[in-house]
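Whole structure, please, built from the sequences with the hints as guidance.
Each chain, written out:
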Amino acid sequence: MTSPESIETALRSHGFVATGEVATALFLAEQLGKPLLIEGPPGVGKTELGKLWALCHDAELIRLQCYEGLDEAKALYEWSYGKQMLYAQLLREKTGDLLAGAPDLASAVRRLQGQTDEFFSREFLLPRPLLAAITATRPVVLLIDEIDRADEEFEAFLLEVLSEAQVSIPELGTFRAERPPRVILTSNDSRDLSDALRRRCLFLFIDYPDFEEELRIVESRVPGLDDTLRGQLVRFTQSVRKVSLRKRPGIAETIDWALALVAVGAEGLSAAALKQTLGALLKNRDDVERVLSDLPRHR
Amino acid sequence: MISGLERFVAELRREGLSASPAEWLEALRAVERLGLDDRERFRRALRCTLVKRAAQLELFDRVFEGFFAAPGTSGPGSRRSARGAGGSGGRRPIAAGPAPSGTTRKPASAAEPSPARDPTPCSAASALPRAVAALLEGQPWRHGRWRRVLLGPGAPAPRATRAGPSPPAAAAPGADPLRRDLAWRLSPEGERELAALVPRIVERIRLRSGRRLRRSRRGRPYMRRVFRDSLRHGGVPCVLPFRRRRPRRSRIVLLTDVSWSVARAAGLFLSIAGELLRHSRDVRVLLFVDRAVDATREIDDWLRRQPTPRDAWDGGSRGARRPGSGIARGGVSFAKLVSSLPGLAPDAPSDYGRAFHGLARSSKRPGGRTTALVVLGDGRTNRFDPQAWAFEELASRCGAVIWLVPEPWQRWGSGDSALGAYLPHADVAVETSDLAGLARGVAELVRRL
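Residue numbers (the working numbering), protein chains in the order written: chain A, 1 to 299; chain B, 1001 to 1449.
Hints are not guaranteed to be accurate.
[What the hints assert, rightly or not] Capping the alpha-carbon separation at 25 Å, the derived lysine to any residue pairs in SDA-like fashion look like this:
id: 1; chain 1: A; residue 1: Lys283; chain 2: B; residue 2: Arg1147
id: 2; chain 1: B; residue 1: Lys1364; chain 2: A; residue 2: Glu155
id: 3; chain 1: A; residue 1: Lys83; chain 2: A; residue 2: Leu70
id: 4; chain 1: A; residue 1: Lys242; chain 2: B; residue 2: Arg1148
id: 5; chain 1: B; residue 1: Lys1364; chain 2: A; residue 2: Ala196
id: 6; chain 1: A; residue 1: Lys74; chain 2: B; residue 2: Tyr1222
id: 7; chain 1: A; residue 1: Lys74; chain 2: B; residue 2: Arg1225
id: 8; chain 1: A; residue 1: Lys74; chain 2: B; residue 2: Met1223
id: 9; chain 1: A; residue 1: Lys74; chain 2: B; residue 2: Arg1228
id: 10; chain 1: A; residue 1: Lys247; chain 2: B; residue 2: Ala1134
id: 11; chain 1: A; residue 1: Lys242; chain 2: A; residue 2: Gln232
id: 12; chain 1: A; residue 1: Lys242; chain 2: B; residue 2: Glu1137
id: 13; chain 1: A; residue 1: Lys283; chain 2: B; residue 2: Arg1145
id: 14; chain 1: A; residue 1: Lys247; chain 2: B; residue 2: Gly1399
id: 15; chain 1: B; residue 1: Lys1364; chain 2: A; residue 2: Ser194
id: 16; chain 1: B; residue 1: Lys1364; chain 2: A; residue 2: Asp192
id: 17; chain 1: A; residue 1: Lys74; chain 2: B; residue 2: Asp1229
id: 18; chain 1: A; residue 1: Lys275; chain 2: B; residue 2: Ala1134
id: 19; chain 1: A; residue 1: Lys94; chain 2: A; residue 2: Glu123
id: 20; chain 1: A; residue 1: Lys74; chain 2: B; residue 2: Phe1227
id: 21; chain 1: A; residue 1: Lys74; chain 2: A; residue 2: Gln166
id: 22; chain 1: B; residue 1: Lys1364; chain 2: A; residue 2: Arg199
id: 23; chain 1: A; residue 1: Lys83; chain 2: B; residue 2: Arg1228
id: 24; chain 1: A; residue 1: Lys247; chain 2: A; residue 2: Ile217
id: 25; chain 1: B; residue 1: Lys1364; chain 2: A; residue 2: Glu153
Bear in mind the hints are in silico, worked out from the structure with no lab data behind them.
Structure follows, in structure tokens:
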């Protein structure tokens, strides 16, 4: 990928209509080796972009879905407690031999010292997404999804990973990535992220597309849709987004709706077709009722 | 190129977008990679590296258009949309240097005059009645964080609101003092009468919050732990664990407009809130007309003064003067206190945009997950630029934002009021056109602590 245009072309070949802004951000993230923080309303393709970036580079995608209460143990590594117990049981005889002849407890402990480290080696380590990305030997895209759902403590913990591409495990030392992973963080902006995290990332904001852009996206993702119906569908979606709704439809919903219209064999946006398929576009009963009650305005 | 970029970053900083040296170097590296021959590409490179928040995009675009004016354009006039996923843009060379100084907005520092008045009223103002109607029905409004609106008992039923706002029901001067419209002409004696009700209101709120705290001491049932806690004895008996609230120290910032139209409500509000909060909480009081001034110590000293008979004399003897003259403590009226604060010009026209901009840019701007920002003001910014982005930035840094509007809700957003631009960034809007409304607003704040 030698230019933003080549990234745009590569994404387009996978069905993603990327704007110049998106392609430039990805290009710079690649060139500067920086994580990319993507913000925007739900359903505009932030996560999809991360997946396709991995696809474009033929890299492994490692995804860390964030949620409230996510901690180091679930994101970085865990010791395989069950495996440690099993090994301890199986090696009981060996341990007995080692401790045979020890006159007192203190000397037995001294003999065990150095042996216990074996139970805290990489054999018993369960790597979670962050460690897996750092220790990967082949190209990796690390997608940290919905970082705004995680706690502030976890955000602070991520700083080392993002800026140094390394993690520290007290028992084993510091792991530094030989090949730093490409990192994408997505946020729905449900809470403000810290300045420290933002400073370590490049920033990209993806908003709802305009009419022309959304038309191109639907054309690319649902090629079987009639041109007139496609225009009506996108115009309707754009109009619905201006209404005060509980959940405004994103691009993903537009595509789902287009697929639904193809599936029911709709030839136009008739009231019947709308009633049948509007559930693919709007995800809340009140929203559906509100839009259906004011249909002429949107069509 | 380096010096030009340095000047651009300095211009951004003057406008309130702080870019660190590391980010500046990063921008330089990005420009090196993408080249200078394509203006749109150059803009994207800077935007991607220097902007860190969606709220800053519009500011960046404005400054960029002013600074790197393309040949044949007149700078800001050709400014682009702030949407992140913009069009591909044409290949246009970049102008050799910054545009003439007149094309960029002047910084709003204390020493310089305020920005030019914006002749266009706030576009979101007309949407306010619809927003209030939607919120009364429990619907969120647009994509802002505004979720609740608390109106007085005279508020229409949710469905009735759709038919159009009814005229404000102003309380006559002789009516229940708690319902008396604070915007009415009121003598210092009348203000004194209202101020005398403050201790009663404070006691009532304290009593209610005490009950609530007692109720919440045990915490809420913690369903996720039911299985784990009950497993030890096979679920017989079943243990119902409770999750206690984590103790946290809340910070409160009271950002209060003390201009002529709001001074009376501000004096009463600070009397109520100050009494409730001054002992136990980390409270900051910022007063503003066209710039924010930290008055925490002065307000605290004022509240510590014991009411004296001289208060009645001080308020009444000089006739009707500034609002707030009758709200006095220990011989010092609120109007007098405000007039004596250095850096505050109570007779200046309100300029919310400049005040918010200055505060968002200052190192002492409020922020933090446990910070509650309480704004008291009518949003009447005399058609100066509301600079809603600055308030959005302030709000985004705070855990909770409560806006108290000392006007009947039917007047919100009318005329020169920029409330339509500000309220989407607040969690709760409270109608505080009378003393009962102020009590409602303070109770809401106490409830959130």
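Here is how each hint holds up against the structure:
Taken as a hint, the Lys283(A) and Arg1147(B) pair is honoured in the structure, with Cα atoms around 19 Å apart against an allowance of 25 Å. Between Lys1364(B) and Glu155(A) the CA atoms are separated by roughly 23 Å; this keeps the pair inside 25 Å, and the hint holds. With a CA separation close to 24 Å, the supplied pair Lys83(A) and Leu70(A) stays within the 25 Å bound. Between Lys242(A) and Arg1148(B), the direct Cα distance comes to roughly 21 Å. Compliance with the 25 Å bound is thereby established for this hinted pair.
For a cut-off of 25 Å, the pair hint linking Lys1364(B) to Ala196(A) stands: about 18 Å separates their Cα positions. For the hint linking Lys74(A) to Tyr1222(B), the alpha-carbon distance of about 22 Å falls within 25 Å, and the restraint holds. Note on Lys74(A) and Arg1225(B): the hinted pairing holds, with a Cα-Cα distance of about 19 Å set against a maximum of 25 Å. Annotation: proposed proximity of Lys74(A) to Met1223(B) holds, straight-line Cα distance about 21 Å (limit 25 Å).
Distance hint between Lys74(A) and Arg1228(B) is fulfilled; the C-alpha atoms sit about 19 Å from each other, no more than 25 Å. The hinted pair formed by Lys247(A) and Ala1134(B) meets the criterion: a straight-line CA distance of about 14 Å does not exceed 25 Å. Distance check on the hinted pair: Lys242(A) and Gln232(A) sit about 16 Å apart at the alpha-carbon level, within 25 Å; holds. Of the supplied pair hints, the one linking Lys242(A) and Glu1137(B) holds, its CA atoms being roughly 19 Å apart against a limit of 25 Å.
Among the hinted pairs, Lys283(A) with Arg1145(B) is consistent with the structure: their alpha-carbon atoms are about 20 Å apart, no more than 25 Å. This hinted pair checks out: Lys247(A) and Gly1399(B) have alpha carbons roughly 23 Å apart, not beyond 25 Å. A C-alpha spacing of about 17 Å is found between Lys1364(B) and Ser194(A), which places the hinted pair at or below 25 Å, so the restraint holds. About 18 Å separates the Cα atoms of Lys1364(B) and Asp192(A), which keeps this hinted pair within 25 Å; it holds.
Between Lys74(A) and Asp1229(B), the direct Cα distance comes to roughly 22 Å. Compliance with the 25 Å bound is thereby established for this hinted pair. Of the supplied pair hints, the one linking Lys275(A) and Ala1134(B) holds, its CA atoms being roughly 24 Å apart against a limit of 25 Å. Proposed proximity of Lys94(A) and Glu123(A) is supported: the alpha carbons are some 19 Å apart, at most 25 Å. Of the supplied pair hints, the one linking Lys74(A) and Phe1227(B) holds, its CA atoms being roughly 21 Å apart against a limit of 25 Å.
Restraint check for Lys74(A) and Gln166(A): the C-alpha separation of about 17 Å stays at or below 25 Å, so the hint holds. For the proposed pair Lys1364(B) and Arg199(A), the alpha carbon gap of about 20 Å is at most 25 Å, so the pair holds. For a cut-off of 25 Å, the pair hint linking Lys83(A) to Arg1228(B) stands: about 23 Å separates their Cα positions. About 21 Å separates the Cα atoms of Lys247(A) and Ile217(A), which keeps this hinted pair within 25 Å; it holds.
Of the supplied pair hints, the one linking Lys1364(B) and Glu153(A) holds, its CA atoms being roughly 23 Å apart against a limit of 25 Å.
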